[in-house]
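The numbering used here numbers the first residue of the sequence shown as 741 and each following residue consecutively.
These aren't lab readings, by the way, just hints derived from the structure by calculation. All C-beta atoms, glycine included, are put in the ideal place defined by N, C-alpha and C. A few of these clues could be false.
[Claimed, not checked] Label-pair ranges, simulated between beta-carbon atoms: (1) Glu900 / Pro816: 27 to 33 Å; (2) Glu1109 / Glu911: 49 to 55 Å; (3) Lys1055 / Asn863: 44 to 50 Å; (4) Ser865 / Lys790: 46 to 52 Å; (5) Asp772 / Ile980: 22 to 28 Å; (6) Thr788 / Glu1109: 36 to 42 Å; (7) Asn1111 / Asp858: 55 to 61 Å; (8) Thr788 / Pro1010: 29 to 35 Å; (9) Asp1024 / Gln850: 22 to 28 Å.
[Unchecked claim] Capping the alpha-carbon separation at 16 Å, the derived lysine to aspartate or glutamate pairs in EDC-like fashion look like this: (10) Lys870 / Glu927; (11) Lys767 / Glu794; (12) Lys946 / Glu915; (13) Lys1031 / Asp1077.
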Amino acid sequence: MKRIILLGLMTLAVSNVTAQKSEGSLKKAYQDKFYIGTAMNLEQINGTDKKSVEIIKKQFSSIVAENCMKSMYLQPQEGQFFFKDADKFVEFGEKNKMFIIGHTLIWHSQAPDWFFVDKDGKNVSPEVLKQRMKNHITTIVSRYKRRVKGWDVVNEAILEDGSYRKSKFYEILGEEFIPLAFKYAQEADPNAELYYNDYNEWHPGKVKRVTMLVKDLKSKGIRIDGVGMQAHIGMDTPSIDEYEKAILAYAESGVKVNITELDISALPSPWGTSANIADKVAYDEKMNPYKKGLPKEVQTQWENRYEDFFSLFLKHKDNIRRVTLWGVSDNQSWKNDFPIKGRTDYPLLFDRQFKAKPIVRKLIKLVEESN
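Please build the complete structure, drawing on both the sequences and the hints.
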């Protein structure tokens, strides 16, 4: 009798494992490796895009706001904060027990014009900009204290050659604006994780400068917990070797690595390509070759690219805190219109009908085989 019961329990255990595997959940598969996240747009935050919401609940353990927590939306006029959308976003994450990321506190783009000028339209003094930064950061981070678990404190401040972007923040405050932003965020919520986030984050010049920035902040007693690698990847660049070197460099500087805005474009890159204005139509056609779907061989190459990068992330799982996709389904991706209007791209894990692509099962199998 005992043997029968034992066999029954073993069969039940095996069936439960099989059920979990067949369920096809990235969240479950990667739960012991790192957070798997996605960016949420307003339709998802407000619950009107029900198909995406169901995918997010099932597949992802972390969320980041695509736009609604950027300064132009949170504080469109000085002292006038708009929290309705951000509040809903945070509530969604709490209700579904997700690791919530705030994006982004200080960024030169999508910042309201008033932030940098006086009533006459001239640049404000360094003292005024410091006060505006402190008020903005303190108000937002304090509101979501202990609720938002990590913040992209500063976004895209370094260029590929390692020099500082000549933004208004830099023009008025110089390099000081970055440590100030981290200091204000740390004071507002000492328990939240604080990140520096950037794109083309694998370029050696940028890697060198960002690692120097991390070490400089730490030497001043200012906390920085992670570097965000946006990971807007093409079919050819960066190479796995280039990306691995960047991951290791950031990790060796004493912070965790976050993959923050992952998508892999299947389209040819227009960078470094010139086109005569008279040939623009032909050029646009060349840059938009897959209007009705990816050819099988391109689809296979694209899937292999995703598997190669996730294999890399699993290899360095001890240094990686989170892997976040920049969106749910292809039809919602910003890559469709970038950098040429009207392009049709296929950079995400779910198709235009909100169905999981074969790559989802492959990424789940990848982690199962690594255990």
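Status of each hint after checking the structure:
Between Glu900 and Pro816 the Cβ separation comes to about 31 Å, which falls inside the hinted range of 27 to 33 Å. Checked against the hint of 49 to 55 Å, the C-beta distance between Glu1109 and Glu911 comes to roughly 51 Å, which is consistent with it. A hinted range of 44 to 50 Å for the beta carbons of Lys1055 and Asn863 is consistent with their spacing of about 47 Å. At roughly 49 Å, the beta carbons of Ser865 and Lys790 sit within the given window of 46 to 52 Å.
A C-beta distance of roughly 23 Å is found between Asp772 and Ile980, which places it inside the suggested range of 22 to 28 Å. The supplied range of 36 to 42 Å is met by Thr788 and Glu1109, whose beta-carbon atoms lie about 38 Å from each other. A C-beta distance of roughly 59 Å is found between Asn1111 and Asp858, which places it inside the suggested range of 55 to 61 Å. At roughly 33 Å, the beta-carbon separation of Thr788 and Pro1010 lies within the given 29 to 35 Å, and the hint holds.
Roughly 27 Å separates the CB atoms of Asp1024 and Gln850, a value that falls within the hinted 22 to 28 Å. Restraint check: the Cα-Cα separation between Lys870 and Glu927 comes to about 15 Å, which is no more than 16 Å; the hinted pair holds. Straight-line distance between C-alpha atoms of Lys767 and Glu794 comes to about 13 Å, which keeps the hinted pair within the 16 Å bound. Pair hint Lys946 plus Glu915 holds up; C-alpha atoms about 15 Å apart against a cutoff of 16 Å.
Between Lys1031 and Asp1077 the alpha-carbon distance is near 12 Å, which keeps this suggested pair within the 16 Å criterion.
Comparing the model with each numbered hint stated earlier shows that all of them hold.
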